[in-house]
Amino acid sequence: MSATILSTAITFALGALALAMIFATIRILRGPRAQDRVLGLDTLYVNTMLLFLTLGIRNGTVFFFEAAIVIAMLGFVATVALAKFLMRGEVIE
Amino acid sequence: MSHLETLPLWAAIPAAAFLVLGASLALIGSFGLLRLPTFYERIHAPTLGSSWGTAGVVLASVIVFSVGQGRPVLHDLLIGGLVTATTPVTLMLLGRAALYRDR
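Heads up: the protein sequence lines correspond to chains A and B, in order.
According to our numbering, the first sequence is numbered sequentially starting from 1192.
According to our numbering, the second sequence is numbered sequentially starting from 3.
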């Protein structure tokens, strides 16, 4: 009974997060300006992190947690670097 | 998925509810990112996924692993704290960069 409830919820969550990643990818491809693409990349990182956490619940392992925390940190650094580049034209000055 | 079979019902129902809540909020935020007309409206939408979207999935993970292993497994809260601390920084930097480019 509990496995049925959780399996249904996990399947729904995987579908919803995959659809959210598709929406963010469409925003990256469509633009129209550079800051829209950076915002779409940040959203894609967050959705991927949530997808990995959901896969970790589904498989019952902690390896997906480590991948998710690496994705979260890389997403932060990437978005800060791209925002700095849009602001100043250089990342490190 | 044998580890889900042994989970009691009182833990499975809140975990499933938190999981559905988090994934739905992430989906709504990304849909807003796709549909809203201007950049300054669009920058608000993904925060739905990075605030309660992340909190919902993280709480579901904490419930499932803590009840399944019979001890508190709290390392998922680290991701919640990290995302809560970094999202305002990135979005304020991005918003100021966009404002600078528009002027």
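No lab work stands behind these hints, which were simulated from the structure alone.
Fair warning: there could be bad hints in the mix.
Residues on chain B that point at chain A, a partial pick, calculated with CB under 7 Å [claimed, not checked]: (1) V66; (2) S68; (3) I81; (4) A100.
If you're wondering where the values come from, they're calculated on a predicted model, not measured in any experiment.
Ideal Cβ placement from N, Cα and C applies to all residues, glycine included.
Structure-based check of all given hints:
1. V66: 5 Å, holds
2. S68: Status violated, d = 12 Å.
3. I81: This hint holds: B:I81 lies near chain A, its Cβ roughly 6 Å from the closest one there, short of 7 Å.
4. A100: Where the cut-off is 7 Å and the nearest Cβ of chain A is about 4 Å from B:A100, the hint holds.
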